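K.L.:
Chain A is fixed; fit chain B onto it per the hints.
Residue numbers (the working numbering), protein chains in the order written: chain A, 1 to 111; chain B, 112 to 419.
Treat the hints with care, since some could be wrong.
Result set (DMTMM-like, lysine to aspartate or glutamate): computed pairs, CA atoms no more than 20 Å apart in a straight line [what the hints assert, rightly or not]: (1) A:K95 with B:D168; (2) A:K94 with B:D168; (3) A:K95 with B:E304; (4) A:K14 with B:E304; (5) A:K94 with B:E163; (6) A:K52 with A:E105; (7) B:K129 with B:D143; (8) A:K56 with A:E15; (9) B:K181 with A:D98; (10) A:K93 with B:E163; (11) A:K56 with A:E41; (12) B:K181 with A:E105; (13) A:K52 with A:E28; (14) B:K237 with A:E41.
Pair by pair, the computed Cβ-Cβ distance ranges are [stated by the list, open to error]: (15) A:T46 with B:P122: 44 to 50 Å; (16) A:G58 with B:I165: 39 to 45 Å; (17) B:Q154 with A:Q97: 28 to 34 Å; (18) B:D267 with A:V59: 43 to 49 Å; (19) B:P333 with A:Q22: 18 to 24 Å; (20) A:Q97 with B:S351: 49 to 55 Å.
It should be emphasised that the hints constitute simulated quantities derived from the structure, not laboratory data.
Just so it is clear, the structure is predicted and the values come from calculations on it, not from any experiment.
Ideal Cβ positions, reconstructed from N, Cα and C, are used throughout, including at glycine.
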Amino acid sequence: MPTPLGIKIRQLRKEQGLSLDQLAAMAETSKSYLWELENRETANPTMDKVSKIAEKLGVTAEFLLNDEQATHSAEDADKAFFRKYQKLPAPTKKKIQDILTVLRENGSDDE
Amino acid sequence: MNPAGPRSPIPEANRLSKLLNISRGTERFPVDVEELARGYAQQFGHNDPIAEVIGADLPGFEGALYGTNKNGKREWALLYNSAIGTPGRIRFTMAHELGHYILHRQNGNTFECSEADLLQWESIEKRQEAEADVFASYLLMPIDDFRRSIGTDSVDLNILDGCAKRYGVSLTAAILKWLEFTEQRAVLVMSTEGYMLWARSSQSALRSGAYFRTRNAPIPIPNDSLAASDISATREMQGSELSARIWFPQEPQDMSLREFKIVSDRYERTMSLLILPKAEPRWMLEPEDKGNGLLDEYIRTGHFSRNK
Numbered sequence: 001m002p003t004p005l006g007i008k009i010r011q012l013r014k015e016q017g018l019s020l021d022q023l024a025a026m027a028e029t030s031k032s033y034l035w036e037l038e039n040r041e042t043a044n045p046t047m048d049k050v051s052k053i054a055e056k057l058g059v060t061a062e063f064l065l066n067d068e069q070a071t072h073s074a075e076d077a078d079k080a081f082f083r084k085y086q087k088l089p090a091p092t093k094k095k096i097q098d099i100l101t102v103l104r105e106n107g108s109d110d111e
Numbered sequence: 112m113n114p115a116g117p118r119s120p121i122p123e124a125n126r127l128s129k130l131l132n133i134s135r136g137t138e139r140f141p142v143d144v145e146e147l148a149r150g151y152a153q154q155f156g157h158n159d160p161i162a163e164v165i166g167a168d169l170p171g172f173e174g175a176l177y178g179t180n181k182n183g184k185r186e187w188a189l190l191y192n193s194a195i196g197t198p199g200r201i202r203f204t205m206a207h208e209l210g211h212y213i214l215h216r217q218n219g220n221t222f223e224c225s226e227a228d229l230l231q232w233e234s235i236e237k238r239q240e241a242e243a244d245v246f247a248s249y250l251l252m253p254i255d256d257f258r259r260s261i262g263t264d265s266v267d268l269n270i271l272d273g274c275a276k277r278y279g280v281s282l283t284a285a286i287l288k289w290l291e292f293t294e295q296r297a298v299l300v301m302s303t304e305g306y307m308l309w310a311r312s313s314q315s316a317l318r319s320g321a322y323f324r325t326r327n328a329p330i331p332i333p334n335d336s337l338a339a340s341d342i343s344a345t346r347e348m349q350g351s352e353l354s355a356r357i358w359f360p361q362e363p364q365d366m367s368l369r370e371f372k373i374v375s376d377r378y379e380r381t382m383s384l385l386i387l388p389k390a391e392p393r394w395m396l397e398p399e400d401k402g403n404g405l406l407d408e409y410i411r412t413g414h415f416s417r418n419k
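With the rest of the complex left out, here is chain A (with noise of 0.2 Å):
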């Protein structure tokens, strides 16, 4: 699963119609690190490449690194053997919560 950075990456980059080629090339950088920022689940970004990305896609450094600000990730679908836990979302940890308050709704010993 890509890291939030990654996926706002490749979000901002898609949604200003740019080939990984093209933001390499504008970004100084070259196109198999960035396919690496944007796709795995360990990147390695240093602060002057994010910095320049950050800048080339008209956002700060801190909007890309920044965790609470994360779009809601798309998990790699078809991946069935090695899925991984991932963040909540915050409307669905509450949703969780209810369906469990309902199912444990006169629970003697819950608590």
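P.N.:
Same frame as chain A, but now just chain B:
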């Protein structure tokens, strides 16, 4: 608490498969995981059943198993995201959670971890996730039945797609299962935007050096491959014959392979299935290879069934 030792995923899945063979006979696929989950505790004499199986629209969520302690009685709820992907994926998720119930519920449902043992905790969790996946794949796609279903020695996407439908799983899950037992040299490559995300080889492909180390530096998709071409047919069922060297430079010059391409619009994934002939060129095959030994081999590998 529980006198039984640690449970391993494959024997546990096989135990359920035997039960289904007896109770359902030939009409047992795809596996009805929900029914199995609800009936499991009673079948095997446990007093903490999965009392609820609930699907809901839960963005970002796949599935989980929760202890509910209702009316002082230990019960479990299997929750899954019913709005995600395909029925095959949902079935796999439910089987995965059933795996946690059978394999791991004795370990409790909370892990209290300090910063010091966080690393260890992560590795336990990783192992449990992997075990639940193995359980799910064996439960949904028993290898003996899969071998019988393949039924011929020239496997193509149509046949594997038929198996995916039979077991109610994704094509990817079916191909990964097939790679576990096939005698053929075959490699599955998942890529996006020109580089490999991951790849998996069958045993014989691995032995002959036909594999990719996708954890190292990104490996680009070869230029002359079907995967790199503009052909964007969602499913190249027939595949294309091309020189094996395009994908595997160490293969002999006269070696060819069949490449199948499946493009998924979601997340721009391209799946490539590469099927290679045996490692030796044809002219090196000894005449006795074509004798009775081969028939035995076919029966052993499930290409032919003795019953048919």
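K.L.:
Hint by hint, say whether it matches the structure.
P.N.:
Results for each hint:
1. A:K95 with B:D168: It holds: about 9 Å lies between the C-alpha atoms, which stays within 20 Å.
2. A:K94 with B:D168: Answer holds: K94 of chain A to D168 of chain B is near 12 Å, not above 20 Å.
3. A:K95 with B:E304: 35 Å, violated
4. A:K14 with B:E304: 12 Å, holds
5. A:K94 with B:E163: 19 Å, holds
6. A:K52 with A:E105: Distance of about 54 Å is beyond 20 Å: violated.
7. B:K129 with B:D143: 14 Å, holds
8. A:K56 with A:E15: 13 Å, holds
9. B:K181 with A:D98: 15 Å, holds
10. A:K93 with B:E163: 18 Å, holds
11. A:K56 with A:E41: It is violated: about 23 Å lies between the C-alpha atoms, which goes past 20 Å.
12. B:K181 with A:E105: 7 Å, holds
13. A:K52 with A:E28: 8 Å, holds
14. B:K237 with A:E41: Judged against 20 Å, a Cα distance of about 15 Å means the pair holds.
15. A:T46 with B:P122: 44 to 50 Å: 48 Å, holds
16. A:G58 with B:I165: 39 to 45 Å: 43 Å Cβ-Cβ, so the 39 to 45 Å window holds.
17. B:Q154 with A:Q97: 28 to 34 Å: 31 Å, holds
18. B:D267 with A:V59: 43 to 49 Å: For V59 of chain A against D267 of chain B, whose Cβ atoms are near 46 Å apart, the range 43 to 49 Å holds.
19. B:P333 with A:Q22: 18 to 24 Å: About 22 Å separates the Cβ atoms of P333 of chain B and Q22 of chain A, which means 18 to 24 Å holds.
20. A:Q97 with B:S351: 49 to 55 Å: 51 Å, holds
In this structure, the hints that do not hold are numbers 3, 6 and 11, in rising order.
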